[in-house]
Structures are given as C-alpha cells and as structure tokens.
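Asks: Start from the sequences, fold in the hints, and give me the full structure.
Quick mapping for you: the protein sequence lines, in order, are chains A and B.
Taking our numbering, the leading residue of the first sequence gets 1, the next gets one more, and so forth.
Taking our numbering, the leading residue of the second sequence gets 1, the next gets one more, and so forth.
Please note that a few of the clues may not be correct.
Short derived list, chain A residues pointing at chain B, Cβ under 7 Å [claimed, not checked]:
no., residue
1, S11
2, L26
3, E249
4, N336
By construction, these hints were calculated from the structure, which means they are not laboratory data.
Backbone N, C-alpha and C define an ideal beta-carbon position, used for all residues, glycine too.
Number of protein chains: 2
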Amino acid sequence: MTASARGWRVSYHRGAEYEIRKCAELFNPSNESLLSVGRRRRSRRFVVVDENFHRLHSGAIRRYFADNEVDVRIVSVPAGEPNKSVEAYVSLLDALDQFPIDRRDEPIIAIGGGVITDLTGFVAGTYRRGVPHIRVPTTLMGYVDASVGIKTGVNLRGHKNRVGAFTPPARVLLDRSFLATLPRRHILNGVCEVFKLAVISDLALFEKLEAHGPDCIAAHFQDEPGLWILDRSIQRMLDELQLNLFEDELARKMDFGHTFSYGLETCADSQCLHGEAVLIDVLVSSTLAQSRGLLKRSELDRIVRLAFALDIIPPLHSLDPPALWESLLERTRHRNGWQRVPLPHGIGKCTFVNDVQQDEVRTSCVELMALSRV
Amino acid sequence: MTASARGWRVSYHRGAEYEIRKCAELFNPSNESLLSVGRRRRSRRFVVVDENFHRLHSGAIRRYFADNEVDVRIVSVPAGEPNKSVEAYVSLLDALDQFPIDRRDEPIIAIGGGVITDLTGFVAGTYRRGVPHIRVPTTLMGYVDASVGIKTGVNLRGHKNRVGAFTPPARVLLDRSFLATLPRRHILNGVCEVFKLAVISDLALFEKLEAHGPDCIAAHFQDEPGLWILDRSIQRMLDELQLNLFEDELARKMDFGHTFSYGLETCADSQCLHGEAVLIDVLVSSTLAQSRGLLKRSELDRIVRLAFALDIIPPLHSLDPPALWESLLERTRHRNGWQRVPLPHGIGKCTFVNDVQQDEVRTSCVELMALSRV
Chain A
1 MTASARGWRV
11 SYHRGAEYEI
21 RKCAELFNPS
31 NESLLSVGRR
41 RRSRRFVVVD
51 ENFHRLHSGA
61 IRRYFADNEV
71 DVRIVSVPAG
81 EPNKSVEAYV
91 SLLDALDQFP
101 IDRRDEPIIA
111 IGGGVITDLT
121 GFVAGTYRRG
131 VPHIRVPTTL
141 MGYVDASVGI
151 KTGVNLRGHK
161 NRVGAFTPPA
171 RVLLDRSFLA
181 TLPRRHILNG
191 VCEVFKLAVI
201 SDLALFEKLE
211 AHGPDCIAAH
221 FQDEPGLWIL
231 DRSIQRMLDE
241 LQLNLFEDEL
251 ARKMDFGHTF
261 SYGLETCADS
271 QCLHGEAVLI
281 DVLVSSTLAQ
291 SRGLLKRSEL
301 DRIVRLAFAL
311 DIIPPLHSLD
321 PPALWESLLE
331 RTRHRNGWQR
341 VPLPHGIGKC
351 TFVNDVQQDE
361 VRTSCVELMA
371 LSRV
Chain B
1 MTASARGWRV
11 SYHRGAEYEI
21 RKCAELFNPS
31 NESLLSVGRR
41 RRSRRFVVVD
51 ENFHRLHSGA
61 IRRYFADNEV
71 DVRIVSVPAG
81 EPNKSVEAYV
91 SLLDALDQFP
101 IDRRDEPIIA
111 IGGGVITDLT
121 GFVAGTYRRG
131 VPHIRVPTTL
141 MGYVDASVGI
151 KTGVNLRGHK
161 NRVGAFTPPA
171 RVLLDRSFLA
181 TLPRRHILNG
191 VCEVFKLAVI
201 SDLALFEKLE
211 AHGPDCIAAH
221 FQDEPGLWIL
231 DRSIQRMLDE
241 LQLNLFEDEL
251 ARKMDFGHTF
261 SYGLETCADS
271 QCLHGEAVLI
281 DVLVSSTLAQ
291 SRGLLKRSEL
301 DRIVRLAFAL
311 DIIPPLHSLD
321 PPALWESLLE
331 RTRHRNGWQR
341 VPLPHGIGKC
351 TFVNDVQQDE
361 VRTSCVELMA
371 LSRV
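Replies: Right, here's the structure in full:
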C-alpha cells in the first residue's frame, strides 16, 4: 500500500491450489476422501445432493457420515436448469444458516451434476464471504466440465449463469462408477462437451472418439478407452483453464460452443440440456468456419459424421437464426464489446473472429439443416 | 498444474490493486474522477444512490452524466440495515440485468453509506461473476470504514453480512464535502468506528480525538483537525487490512467492537446504528480488559471520558448479557471455532484472548452501567 497527498493505492497478491482426485468407493466408510478436507472429530458437514442421486444413494451417504461420527445435514435438491435459480440459491443459504458450520474447517459437500455443483459452489463462495466446498460430480457433464474449473453460479430469470463467482473448490472427487447408472441421454449430454473440446483443441481426442466413442458410450465410460477419454478431456480442459482461471483473457477456446446457442437450455419450456445447446453451437460454428475457409469441406463432413456416429445430433429443424444472432449479441456484452468467437481452424485448432455477420449465421443454419438431413 | 495417476493439482496466483482517491466537486461535469475507470465514449453507467443523498443531489448527478454524454440508469435505494437484504440484492440484480453493460468497461457506481456500497459491491462482485465497481461514500461510516476495504455483502434474515464476497473496488472516490450535510447522528455513527480504531491501534489518534474531537464533530470534519483524523483513520485501517485483505488470518484487530454486540443493529425493531453497536462492544471489551489487568483503571476511565466528550455513549441501561454472550458464540463460529477476541492492552495496543467466560461478560456489563452513570 502506498499513500500520497491524493490518496492511497492498495495492492494484493493471492494464491492457492486445489486437487482433483480420482477415487473409487467414495461412500465406503473406510474411504477417507470425503473427509480429507477440514476437521474430522466432533464436526459437521452440510451436504447438498442431487435429488435423483439421493434416491439411489441416500442410505450409503447417511451411513458414511454416521460411521465416521460426523454430524450431517443432507439437503436434496432437484437437478435441471430451472432449479439453478436465484431462488434456489437463497433457499439453500437459509438451510445452511440453520445448520451452523465453522467457517474454515467444515466444508460444504456438493454431490451431483453441474446444476448442483454450480449452485452449491456459489452458496459456499458467498456464505460468510466464502466457506470451503468439495465437489463430487455424478454426471458426465460434471465430471469433465462443470466440476473441474472454478466457475460457480445460478441463472437469473432464465439468463444462464448471470450471477455467480469464481470459487475454487477445496477438492474435487471423481468417482467414475457413478456414470454407470446415468441415463443414456445424460451420458450423451456430457459427450457433447467432450466433442466440443476435441473439435476446438485436440485432434488426438477427436480420433479416439472416432475409434471408440460409440463403444465408450455404450459402456458408460467404464471401459479402458472411456478412462482415456475422460482423463484426456480433463487434462485438456485444465490446460486451457490453468492460465486463465479468472477469465482475465476474454478470448477463450473453451467458449467454443457457447456463442450462438448460449443458454438455450434455460428458456422457458426448453427441452434442451446444456450439452445439446453446446452441440448446436459447435455445428453452426463449424459450418460457418467452413464457409470462411477455416475448415475444409472434408473436415466439416468429418465433424458431422462423428456427431452422427456418437448419436448426439439434436433436432435441427427448428434452428432459429434470429435467436442465434441475439445470443451472439449477448455474448458480445459478456466478452466486453467484442465478439471474440472461437472457430475451429482445422480440426483441433482454434482461431478467434470479431466480424461475424447476421447473414452468415443464417446461411450457416440453412446449410447445416441440409447437411444434417444427409 | 500438475498431473499424476491419482489426479491433478491446479494452482493459481492473482494480484491486483485499487486506488482510494480524495477529490472535490465530484459532480462538476468537468471533474473526470467518476469516469476515470472504464470507457467514456458511447458508454453506459448503472448508478446506485442512497435515497436520502439522491433527494439532495439527483439533479447534479443526472447533469454530470448528461454533460459527459454517458447513458445512465440511476437506481435510488433506501439506506438502513433492513434494506441491506438478500431481497434487495436480487432486486438490484434484476434492475442491472435490464440495463445491459459491458463486462469490463462500464463499471457500476455506488453512491451512499455502508449499506449502499456493501450491497452494490456484492451485486458487482457476482453479476456475470464480477464486473468492476466504483464506491463513493457519502457518510462518515462509509468514508473511514465500509468503502476502503474489499468486503461486500448483505444480511440474511437479520444475520449481519452473512452473505457476501471479497470484492476489491476498481476505485474509491472520497469527497469530504458530502459529510457537511450529514445529520449529526450519522456523524457520530462514523465517529464510533474512529474511536474504536484509536482505542485498539492508535494512541496518537486517540489523543487527537481528545484534543479536537468535539470541534471536529461540530464542524462535520470540514476543518483541518478533521482532515487529519479522517486521513489517519483510513491510513490505520489500511495498515491493518493490507496484509490480510481476504481474512486468511482470523485474529483481526479491526474486529474490535465486533464481538459482543455483533449485528445488534440488524435485529428487528433495532433502533441502533452500526457504529452504536460497535461502541457498546468497545466499552464492554474495555471494561473486561480492565478487569483482566490489560487496561489500567485510569486508562478505562480515560476511554469512557472521551466517549462522553464525543457524545457517542449509547443508552446502556438495557445491556443484555445473555445476548452479548450469544453474539460471542456466533463470532466464534465465524472465527472458525476460537474466540479470538481483540482486547485493548493499554490504549492503542491490542491483544487476543480465547478464554472469555460468560460470568466475565455479565460482570463487565454491570460495571459498565455503573461507570456510565458517573
């Protein structure tokens, strides 16, 4: 801090780290992972669990804490975008405040998909100006995407993640076995993010998806290639996030898939999941990239072919070019006045453009609808 | 980031700085201070103003932005603890979301006392996971305390600052002339924090208050000693905050005055202001410190005498020892299981204790009530 006649300048530096740990049998009472952060003896844990997951595992979770003599309050929260709301945030804060925890030693535990970990992470990041939290993703989307970074948040009147914080978790615990019982649609939802990652940043991952993707999906990623794909996806995601965790740089490769159909899943009556909205964007962006000469025709065909093979192509007949354009305008505000649209420049490579025209978006939609009927 | 067979470790470092700038004639259209952060041309500003201040200055504020050709949305918010609520937070988020600003270049401006800057700071800290904000304190409490640090937040069901964030402002603009029209009770409210600062950390400031305090109060700090006291208070506050901005260390001198009557002002039907609650705590803590031999009898008398001279002694007949004890228990959770009570060890010096007993609190209250009747 420096002082002068004019006033003062306050400066600060801050660093920290967190661990993403793979583990198995998370609810086996002898597995210490869930209690590996904070105080164990005479302590309490506030646990937020996805309603569906809770239905299957409530007994095991309760037994885990009972056997470890930890006083637990379990709150079951319905998943789904409409529940990732400011109202759910306030209601969770109220529940937490009625189960007082120490500020540093009794981390909140979030068990669920992206909706649950984003919502709970935001509660943890703001209760008493921040208490630690642990994330346990139970969906593929959570496993490869939502849980590994530091973004938390909720939707505001259908505007996706409009309110939130950068809240590093104390720890992320990955138990791949949870994916085994996931409904197929939710497996595919996560595959869309893996697909996005491959197209924009990793040709080897793309090729692995071509070779093993359908089998991995059938095996719910419990097989060897599935493990490789999961590890690789997290590794690539972290490669991108690491140097830009707080989004000081607004041109972000990982925003690929999040420009033209941003928040499609939060519209009232939307039947869409987040990954499905991302996939629409990936296809529109790739078509647009091809028309600009950034992708060869054969590369675009290869991308569409893989999407078909993975069975992740959503219904495209209702693509709405004006809505896609509106989405770009909103993202431009989020990217501080510049479009900064990530486009694939060859499969696995990225470039950014700032001059997308409304006409181009419309043409890309028409072309994509033709392509997807092939 | 490091990877192993077990998982990944993600680490990060982050630094920044902000300026606290003294200025005059803030709303003179040729004064660039209010537009010194962010884009000036073809830009927008979302401005949150204390209702009382707005009544006096709405014309000047509007003219300022009009003359500078900045598109402005002014939201007037009532001050007072009951308005520092989660509901007010959500309502302000909604208003902001209807006046879209760019994420980095169009800072939110908060003009008001601690309630307004804490509330608006929290909105800014969480809208789009953080947009920049500027603070313009208009009360003495805001000037020497609320606006200079990085804490933002709102009350939850009467629990003071239970939800919030550490949100460094982009800039703090101090215009001392705003204090000239403040009601006397709000001047005294801020004086309580200055008094606290003096007792726990600054004998010279204490002596200056003894010599000039009553005159400064009468002059609403528009005089020379008033300027000295304001500058000194901010300097001392920053000395303390600088190395512990994010409260990594939970034993904090600045928590003096915030242990036994924590959040008294947020109780339903409370007639208390924040500074008044702090003052009660300062007096209880000092009495307790004297009974432990940390303060001499003469020092305690000197503290009480100055409080009388400054006319800041609140009604003490209703001191409620069980409520003070409950407050300590709650603060102990906030301080992660240890009391960490700051007590004066001689005037201007601080020590921390962890073994305050309920009996001691009761005795101190009785003794204080006797003292204050002298």
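Asks: Each hint: holds or not?
Replies: Verification of the supplied hints:
About 4 Å separates the beta-carbon of A/S11 from the nearest beta-carbon of chain B, less than 7 Å, and the hint is met. At about 13 Å, the closest approach between the beta carbon of A/L26 and any beta carbon in chain B exceeds 7 Å, and the interface hint on this residue is violated. Here the hint on A/E249 is broken, as its CB sits about 11 Å from the closest CB of chain B, past 7 Å. For A/N336, the shortest C-beta to C-beta distance to chain B is roughly 4 Å, which falls under 7 Å, so the interface hint holds.
Hints 2 and 3 from the list above are not met by this structure, while the remaining hints are.
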